[in-house]
Amino acid sequence: MFRDIGQLAILAWRTLRSLPLIFRHYRKLIDQLFEIGNASLLMSCILAVFIGGVLALQTGPVMVEQGLNSVVGAVVGLSVCKELAPVMIAVLIAGRIGSAMAAEIGSMAVYQEIDALRTMNINPIHYLVLPRVLAVCIALPCLVVFADLIGWVGGALVCMSNPKIGIPWQAYFNDLSKVVDTLDVLNGLIKSLLFAAIIGLVGCHQGLATIGGPRGIGRSVTKSVVNAIVLILITDYFITRLLLTLDL
Amino acid sequence: MNESCTVESGRVCVEVSGLRKSFGTSEILKGIDFGIRCGEIFVIMGPSGSGKSVLLKHLIGLERPTAGSVRIDGHEIDSPELLSKYRIAMVFQSGALLSSLSVGENVGLYLREHRIHPPAEINRIVREKLAIVGLAGSEEKMPTELSGGMKKRVAIARALVMDPQLILYDEPTSELDPLISVTIGQEIVKMRERTHATSIVVTHDRDLGFGIADRIALISGGRILTLGTPDEVRACDNPEVRTFLNASYQPPEEADRT
Ligand SMILES: Nc1ncnc2c1ncn2[C@@H]1O[C@H](COP(=O)(O)OP(=O)(O)OP(=O)(O)O)[C@@H](O)[C@H]1O
Ligand SMILES: [Mg+2]
Chain Y
43 MFRDIGQLAI LAWRTLRSLP LIFRHYRKLI DQLFEIGNAS LLMSCILAVF
93 IGGVLALQTG PVMVEQGLNS VVGAVVGLSV CKELAPVMIA VLIAGRIGSA
143 MAAEIGSMAV YQEIDALRTM NINPIHYLVL PRVLAVCIAL PCLVVFADLI
193 GWVGGALVCM SNPKIGIPWQ AYFNDLSKVV DTLDVLNGLI KSLLFAAIIG
243 LVGCHQGLAT IGGPRGIGRS VTKSVVNAIV LILITDYFIT RLLLTLDL
Chain R
859 MNESCTVESG RVCVEVSGLR KSFGTSEILK GIDFGIRCGE IFVIMGPSGS
909 GKSVLLKHLI GLERPTAGSV RIDGHEIDSP ELLSKYRIAM VFQSGALLSS
959 LSVGENVGLY LREHRIHPPA EINRIVREKL AIVGLAGSEE KMPTELSGGM
1009 KKRVAIARAL VMDPQLILYD EPTSELDPLI SVTIGQEIVK MRERTHATSI
1059 VVTHDRDLGF GIADRIALIS GGRILTLGTP DEVRACDNPE VRTFLNASYQ
1109 PPEEADRT
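These protein sequence lines are chains Y and R, in that order. Just so we're aligned: the first sequence equals residues 43 to 290 in the numbering used here. Just so we're aligned: the second sequence equals residues 859 to 1116 in the numbering used here.
Hint data in this document are derived by calculation from the structure and do not stem from the laboratory. Predicted model only: the values in this text are computed from it and were never measured. One or more hints might be untrue.
Stated by the list, open to error - If the Cβ cut is set under 7 Å, some of the chain Y residues that face chain R in the computed set are:
{"no.": "1", "residue": "Gln154"}
{"no.": "2", "residue": "Glu155"}
{"no.": "3", "residue": "Asp157"}
{"no.": "4", "residue": "Ala158"}
{"no.": "5", "residue": "Thr161"}
{"no.": "6", "residue": "Met162"}
{"no.": "7", "residue": "Asn163"}
{"no.": "8", "residue": "Ile164"}
Stated by the list, open to error - Computed beta-carbon distance windows for the label pairs:
{"no.": "9", "chain 1": "Y", "residue 1": "Cys184", "chain 2": "R", "residue 2": "Ala989", "range": "53 to 61 Å"}
{"no.": "10", "chain 1": "Y", "residue 1": "Arg56", "chain 2": "R", "residue 2": "Ala1093", "range": "50 to 58 Å"}
{"no.": "11", "chain 1": "R", "residue 1": "His1054", "chain 2": "Y", "residue 2": "Ile276", "range": "54 to 62 Å"}
{"no.": "12", "chain 1": "R", "residue 1": "Gly889", "chain 2": "Y", "residue 2": "Met85", "range": "51 to 59 Å"}
{"no.": "13", "chain 1": "Y", "residue 1": "Gly258", "chain 2": "R", "residue 2": "Asn1104", "range": "36 to 44 Å"}
Positions of the beta carbon are idealized from the N, C-alpha and C atoms, including for glycine.
Please model the complete structure; the sequences and the hints are all you need to start from.
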């Protein structure tokens, strides 16, 4: 585990250093972006509706009973954009994209394709890791923006339709917009950027470290998902603390 | 044959000394020493599992030796700038084509990534090299649509495209029919004439080995049994060498088992 983190840090540093080369590899970046968007946009939206919905369902009846009708929109709005959308979408992408990266790069490692790249003096970090990591870093915040909006709508729909809550659409969004401002959304986006880097780096690192045939690929895929989710949740706590102290 | 390593553009010599490699507790290479002269075609033969592929990977720096050293033109193989200084190509035993790229993209990969030529020129070179290995017109195919032998030929084309100074072939003809094997053998010789490239060929194919080699090394059990010109190796009376050479005349299944 500690060795993994060390290697991850090295990979992160090398990827960062190769960032200026992205213009050479922008076609690969576009391909990766397309793949991620294609694979996950619909899924993220469905996930977001239900996140917003269940939040409203959990908080709404209690608050309405206490006469705090105007708080529901604020609570749902804030929780979705500051915490739940970034984390849940990151977990979804870790399972959907991080695993695919580990599998693809892992099979390249097992079938000597990475060795072949090396013999052609093509750096696998520039050729494989950089476009993938950058693509998730761009795509994940975009998906989170969608998820925020749709999550809020999900909350509104439940508030409207659930007889125990019964807050109209207009009132819900009024309450929401009084409390939630751009900084709150930005806060979530900063988090998701960090999570994206974790997903991409962990997926690529596990892929590159794959040894031992098809079973090794399976192991890498599992490890990439588990490690990414664990790291995301741990990082989430600390970045939240940091952002709180920075008063963002 | 070239007696000494005169400095001439495109020529690279290889020096292996005291090379040992262990995986875990099993020692695969037990002290290998040889020198390969510039522009030479050096053939390595030996029984399956004797460590030929492992040796070849050391020659291009994909494996780190446990002890000993590999020098290309006097430079340690693991010095980072070596691969940018010399063009060294390897044809992997399995082909190792990038499965996400088409045949044409695979062959042109080196030129495209290093921006050596404009795209139109790259396409022309790719077509030309594919024609050499008898695969004209299959640029658009994906590696999964190819047979084992076709993959191997694409891998050879991919190596030829690099216009290498040193080229390593791991069993270039093991999956090919006799006709195309001869073509590949001729191409290895032609390539040397054209570019003075140094070639190292690992093979089980006795005809190919003795047909194209300037010198042959026979490896078994992680050691060199004998090293010399084809005639010297044929005349060698080491019993192990004799059994190996005679065994490779045996029924075809024996020779095909790679
Ligand atoms: N990465 C590795 N880890 C452990 N053992 C290995 C590894 N690579 C090769 N070996 C072992 O090294 C020995 C030599 O393998 P190598 O692939 O060099 O054989 P070879 O001479 O090329 O055989 P063939 O003619 O069948 O290709 C084998 O016994 C193999 O089990
Ligand atoms: Mg081999």
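Verification of the hints:
| no. | hint | verdict |
| --- | --- | --- |
| 1 | Gln154 | holds, 4 Å |
| 2 | Glu155 | holds, 5 Å |
| 3 | Asp157 | holds, 5 Å |
| 4 | Ala158 | holds, 4 Å |
| 5 | Thr161 | holds, 4 Å |
| 6 | Met162 | holds, 5 Å |
| 7 | Asn163 | holds, 4 Å |
| 8 | Ile164 | holds, 5 Å |
| 9 | Cys184(Y) / Ala989(R): 53 to 61 Å | violated, 46 Å |
| 10 | Arg56(Y) / Ala1093(R): 50 to 58 Å | holds, 53 Å |
| 11 | His1054(R) / Ile276(Y): 54 to 62 Å | holds, 58 Å |
| 12 | Gly889(R) / Met85(Y): 51 to 59 Å | holds, 57 Å |
| 13 | Gly258(Y) / Asn1104(R): 36 to 44 Å | holds, 40 Å |
Of the numbered hints stated above, the single one contradicted by the structure is hint 9.
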